[in-house]
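Be aware that the sequence shown starts at 11, since it is given in my numbering, and climbs by one per residue.
In short, the hints are calculated from the structure, not lab data.
Quick reminder that beta carbons are idealized off the backbone N, C-alpha and C, glycines included.
This list has only true hints and no planted wrong ones.
Label-pair distances were calculated between CB atoms; the ranges are:
no. : residue 1 : residue 2 : range
1   : Val-28    : Val-52    : 14 to 20 Å
2   : Lys-41    : Ser-62    : 28 to 34 Å
3   : Trp-19    : Ala-44    : 17 to 23 Å
4   : Leu-20    : Phe-42    : 16 to 22 Å
5   : Trp-19    : Lys-41    : 22 to 28 Å
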Amino acid sequence: MFVFSFLNWLAFYFPFIVSFCSSLLLLWEWKFCAWVLRSVVVVSGSCWQFESRGT
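Could you put the whole structure together from the sequences, leaning on the hints where they help?
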């Protein structure tokens with residue numbers, strides 16, 4: 011259940027995250043933005059694997 015609530019949260023805040031990364035990109039902080047996106051992808055991917063393994 012945690013994964014679905016996390017995905018719902020991610021889907022809700024995704025536009026804010028994208029605009030935040032865009033403003034960071036304008037400030038030339040693209041490395042930090044890439045790190046954040048990679049961390050989100052890794053966390054959601056591992057949660058997805060854990061969820062499918064549990065079922």
